[in-house]
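Could you put the whole structure together from the sequences, leaning on the hints where they help?
One letter stands for each residue in the lines below.
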Amino acid sequence: MSLLDIKNLTLEIDSASGWIKALDKASFTLADGEIRALVGESGSGKSLIVRAIVGALPDNWRITADRMTWKGQDLLSLDQQERREILRNDIAVIFQNPKQSLDPSCPLGEQLEEVIADNNVEGRFFWQKRQSRQRIAANLLHKVGIKDHRLCMQSYPHQLADDICQKFMIAMALASEPKLLIADDPTRGMEVTTKVQILKLLTRLNQIRQLSILFVSHDLLAISSMAHTMTVLYCGQTVETGPMEQLKRRPFHPYTKALMDSAPSFRKDLPPKSPLLAMDGTIPTLQHLPIGCRLGPRCPRAQRECVKMPEVRRVHSHYYSCHFPLHRSNKA
Amino acid sequence: MIPLLAVEDLSYQQGRSRRWMRGRSQFHLGPINFELRAGETLAIVGENGSGKSLLAKLLVGVETPSSGDIYLNGQRLTMHNIKQRCLNIRMIFQQSNESLNPGITIGSILDEPLRLNTQMNAYERNEKIVETLKQVGLLPDHRYFYRHMLSDGQRQRVALARALILNPQVIVADEPFAALDPSVRSQIVNLLMKLQRELGLGFIFISHNLGIVRHISDKILIMQRGMAVEAGKTDTIFNWPKNEYTQKLVNSHQALVGR
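Chains as they are written, first to last, in my numbering: chain A, 10 to 341; chain B, 24 to 282.
None of these hints come from the bench; they were simulated from the model.
All values derive from a computational prediction rather than experimental measurement.
Among the hints, a few may not be true.
[Unchecked claim] Below, simulated BS3-like cross-link-like pairs (lysine-lysine); rule was C-alpha separation at most 30 Å, straight line: (1) A:K282 with B:K217; (2) A:K282 with B:K265; (3) A:K156 with B:K265; (4) A:K282 with B:K256; (5) B:K242 with A:K282; (6) B:K106 with B:K217; (7) B:K256 with B:K271; (8) A:K16 with A:K188; (9) A:K266 with B:K217; (10) B:K242 with B:K106.
[Unchecked claim] Chain B is nowhere near these chain A residues, computed Cβ spacing over 12 Å in every case: (11) V63; (12) D68; (13) D83; (14) R218; (15) D270; (16) D289; (17) S326.
[Claimed, not checked] Quick list of simulated restraints, FRET-style, between CB atoms: (18) B:T259 with A:E119: 46 to 52 Å; (19) A:E91 with B:K217: 54 to 60 Å; (20) B:N56 with A:P281: 21 to 27 Å; (21) A:S51 with B:D92: 41 to 47 Å; (22) A:S110 with B:S89: 35 to 41 Å.
Ideal Cβ positions, reconstructed from N, Cα and C, are used throughout, including at glycine.
The following block contains the structure:
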């Protein structure tokens, strides 16, 4: 059964020039125990999807969706209280910038103990409860690979390195024993060794605890090493969805291919210093979105039909939306 | 053959401890040695806080080294020929967004180094700006734009144009690709490699992205805690890393790529 099912999620923002569709019919599903990667460049609406799932969007934005369900429960029709209940128990989010999303005025230990739910705490009296909380917190920190938990609990966020703060965020997210972990760009700006550590940690959590992970990033290297399935976003439109291996081996959409080509490590046969294949142009701003397929103006295969939004087509478990996909020869 | 840029025993000690800084451990960089020939690319790799950015700053002269020498074409760079250094070693800063002045147009940003370092008149300067903008793949009209009107990739191009405008021999770039999106990043990588081929630039850059490092660099310098722990050809380092830290880096990169 799918844990999270999103179909045709559309998000509109009010602006001076009318309503802008920041997300245009984005859809994906997340199965139990799956690691799904959400890939896209900055401004493609990855973080908006995350915020739409947790409900952290301003009230004056319009969210519509054919389906947005959590274990069969419609998220959009729930009231505030019920939705918070789900978020409290089942969904945890690691936000983009660990140092900025931790409270700078309070030691890390306090922040971690605060998120431990009361029903996990043992003991009858307050001193027993306090000890129990501290024990749970220390265990969580050991689990994510922080050895010196005492030092870490006493320090403030600015005193620790970025990767430790990141691990701490993961520990905080795991405190409520969620079913789904949403990691919003957890490896940004990290050097390779710490990045690998964090990826290994997430993979292990997925294997041991059957934790589903929604991994939001644009670091393809990190994604390809851990994700099972991948969804590619471009300017708020889902461009291609499918199993990681298939997408990596044989992308159908020109944009996915361009993304894959941009990482030189994927291609072993590439001679050093040879030019990389690159797509012209840049990502359009929200005020100047093209109609139809938003990749249109940049796409090397674009033709006249591309001003209409292509329908989602499917080959086995591999969905794509393009009029002229790469596996079909140009027949125009 | 005289190398384009040679660095000998360069080291840097953080300034005299003032009273309120007493007790804090001081950062010590170096000694660092390397050579760069024309048309070569040197990548500097290392963990956060290992002194990579400081090394870049020492090369362009933002900071003065406490000992050691930098030779440009065999000539020692000191305070006396700072002008020459300004003309020949240019820098691209870490965040191209913040390094461009938001209050003046791109044209004025590019005009500044020309005004300060050359004897060109206004007409010649204008010509040069247009030429450089075209060189980095922008339009002449972009000189009337302000920073906020450009996209990330275009800003990076402007930062590159500012570095190129004095026809330097060496460009030092501090994480030029970190803030860019994948599809724009390959454009900039291609542009840099093209310019390097055409102009014979020496290019020194700092990066975390080992995939790109492997692709475009000829030599690598690996730094840890202010020391250069390993240096050599890209191929050698990726295939036969000697130092423990280098091995760790390369292995984790391979682990990401391999699966």
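Taking the hints in turn, this is what the structure says about them:
no.	hint	in the structure
1	A:K282 with B:K217	holds (10 Å)
2	A:K282 with B:K265	holds (24 Å)
3	A:K156 with B:K265	holds (28 Å)
4	A:K282 with B:K256	holds (14 Å)
5	B:K242 with A:K282	holds (12 Å)
6	B:K106 with B:K217	holds (27 Å)
7	B:K256 with B:K271	holds (18 Å)
8	A:K16 with A:K188	holds (20 Å)
9	A:K266 with B:K217	holds (23 Å)
10	B:K242 with B:K106	holds (28 Å)
11	V63	holds (24 Å)
12	D68	holds (28 Å)
13	D83	holds (34 Å)
14	R218	holds (21 Å)
15	D270	violated (7 Å)
16	D289	violated (8 Å)
17	S326	holds (20 Å)
18	B:T259 with A:E119: 46 to 52 Å	holds (49 Å)
19	A:E91 with B:K217: 54 to 60 Å	holds (57 Å)
20	B:N56 with A:P281: 21 to 27 Å	holds (24 Å)
21	A:S51 with B:D92: 41 to 47 Å	holds (42 Å)
22	A:S110 with B:S89: 35 to 41 Å	holds (39 Å)
Violation of the numbered hints given earlier is confined to hints 15, 16; the remaining hints are satisfied by the structure.
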